[in-house]
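Q: Residues per chain are reported as follows:
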Amino acid sequence: MSSREADRKPRVKPGGTVATRRGIGASAGRIGTLAGTTFLQLLRMKTFYFLLIFSILVVVASTFNVLHHTGEQHLKLLKDVALGAMSLFTSLFAIVATALLIPSDLEDRTLQTILAKPVPRYDYILGKLCGVILVVAVSVVVMDLIFGAVLYAREEMMVAAELAGATESGGFAEEDLAVLEERLRSQGLNWNLQNAVAAIFLKSCVICAVTMLVSTIASTSLFTIIVGFVIFFIGHLQSVARDYWMHALDAGLWKRLFSGLVALIFPDFQIFNVVDGVVAGEVIPLGAMTRMAGLTILYVMVYSMVAYLVFADREL
Amino acid sequence: MSEKKTAAVSIDGLTKVFRGALARESVVAVKELSLEVAPGEVYGLIGPNGSGKSTTMKVLLGLIRPSAGRTAIFGVDSTRVESRRQVGFLPENPYFYRHLTGRETLQFYGRLCGVGRGALRARIDELLELVELGHAARRPLRGYSKGMLQRIGLAQALVQEPRLVVLDEPTAGVDPAGSRKIRDLILELKQRGIAVVLSSHLLEQVQEVCDRVGIIFNGSMVQEGRLEDLISIENQTEIILKNASADLLERIRDLAEGADAEFVKMGQPRTTLESLFLRETEGREE
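Going down the list, the sequences are from chains A and B.
When we follow our numbering, the leftmost residue of the first sequence carries the number 1, and every step to the right adds one.
When we follow our numbering, the leftmost residue of the second sequence carries the number 1, and every step to the right adds one.
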């Protein structure tokens, strides 16, 4: 009988009396302790170095204007590069950071000392997941602040330069200057950008959860990272498989079965793909963001539950 | 059953089979093993490599499931998480989070056990003093020596004041001085009435600290009992004299031979190499 089952069923003593069941439920304190230590672990592993690379990239993208774009085009390009880099870095970081956790605990036997304490395995999984999501959240906030600061600075410079140029050249009425400024500012710092940043964060939460699930099966970080990347790529094609499964009714049984399986197992990362729209100036409605957040919670819950079910029976 | 009579450890007919993946053969690690450890008792589980000692300990701690049989800690089935409330565990060659300091490590494990902040602070100070690591409490574990890691490991095992401590090769790879310190700590636990299950290859150390031992071979218990019963030679008597003259020793020999007893051996007792090493090195440590 697995320990999970044993926790669920009352045990009968050899004498026939039912043992008093004083089970251990999930504890916010224990999960918080594990999350805090995981955060500290990733922090002290100097994993935040990638933020430096991001900063350099954003600053470089904001400085060089080799194609002599207009102010509007330049700001658009800066947003495109920064949000693209933020999305890529966050996704990669989520996979690698999550992949380092359970396999390394398993390898150096830290896991044995943790689970030899009164720590249910679901607390351990949730603690690790919360810790890595916290690190990702901090990274996203820092990148957002850097990006926001650079974009704001460039926006102000571009507005000042373009208005000065227009004024000097003459022929621009007050209204024309206001339209020019408004057009420039629409490509600058605004709240709609935060929707794109939020989508990047939500996507990374799903990546963390699915990578955590892989790491409960894997025995090495390398295997987890490789499978994590494979899932990451398949996740971007999941919607294609789902459409095929739902609409290609005349396709062969195996093809439909395979596409159905892909649609069922893998997360759909396309739902988080709002960056291009935001860069183009498209406003993401609140309803869409709420739906995205709801799906993220659902994905994280399902993958965490499966991770626990796998991990509960794992022999250490 | 009253609390006092409940065994600290109860293993009943434990069998553990590791199923081979694909075409690999299954391995029977432990076969119908039964033993009991009383509260406050120090029990030594000895046996060659691969005999099933660590597997038995892991089943006891709920880290792996038994294939058959039952294990319990103070009457609570080991498969239940709450059985771990009363037990502390030090695995062989432990590697804790190396980014944490000694104090942070104890805080981490204490919080996992639900020890309150105030009580935990006092407990950590007490444990650091017990394992003589107060001076290194603020250093990250990556800078700890092997012996220091074993001692901080022992401290984490004791953080929630368990009534049972399971030690798997606690002195593996530790130098004689560190090994001696760990042995002294085990004796201290014994004095405090904490039951200890100890697995070690250092038989001399097991002999020094254990009340009872079990010898496990190929997964089965081949011998078990009180240490003095197992190792004493019933038909021989040892007399140790100090400052005895040659004449006195000769008279003792004559007396023995005249009384139908066989005189087996006479000579100067020897100290152990460990004692010699400690005597020669301890004074020079500073």
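Check the hints yourself; a few may be wrong.
Some, not all, of what chain B presents toward chain A, calculated at C-beta under 7 angstroms [as the list claims (entries may be wrong)]: (1) Ile64; (2) Phe74; (3) Arg84; (4) Arg85; (5) Gln86; (6) Pro91; (7) Tyr95; (8) Leu112; (9) Phe217; (10) Ile231; (11) Ile233; (12) Phe263.
Sample of chain B residues with no beta-carbon within 12 angstroms of chain A, all distances over it, derived [stated by the list, open to error]: (13) Met57; (14) Arg80; (15) Val81; (16) Gly153; (17) Val222; (18) Thr237.
The hints are simulated quantities; they were obtained by calculation from the structure and are not laboratory data.
For each residue, glycine too, the CB sits at the ideal point set by N, CA and C.
Q: For every hint, state whether the structure bears it out.
A: Right, here's what the structure says about each hint:
1. Ile64: holds, 4 angstroms
2. Phe74: violated, 12 angstroms
3. Arg84: For arginine 84 of chain B, the interface hint holds, since the closest Cβ of chain A sits about 4 angstroms away, which is under 7 angstroms.
4. Arg85: Hint holds; arginine 85 of chain B Cβ to chain A Cβ min 5 angstroms, cut 7 angstroms.
5. Gln86: violated, 9 angstroms
6. Pro91: For proline 91 of chain B, the interface hint holds, since the closest Cβ of chain A sits about 5 angstroms away, which is under 7 angstroms.
7. Tyr95: This interface hint holds because 4 angstroms falls under the 7 angstroms limit.
8. Leu112: holds, 5 angstroms
9. Phe217: violated, 23 angstroms
10. Ile231: Given a least distance of 31 angstroms, the restraint on isoleucine 231 of chain B is violated.
11. Ile233: violated, 39 angstroms
12. Phe263: Since the shortest Cβ distance to chain A is 53 angstroms, the answer is violated.
13. Met57: The assertion about methionine 57 of chain B is violated, with a minimum of 9 angstroms to chain A.
14. Arg80: violated, 6 angstroms
15. Val81: At about 4 angstroms from chain A, valine 81 of chain B fails to clear the 12 angstroms cut-off, so the statement is violated.
16. Gly153: violated, 7 angstroms
17. Val222: Given that every Cβ of chain A is farther than 12 angstroms from that of valine 222 of chain B, nearest at about 26 angstroms, it holds.
18. Thr237: holds, 45 angstroms
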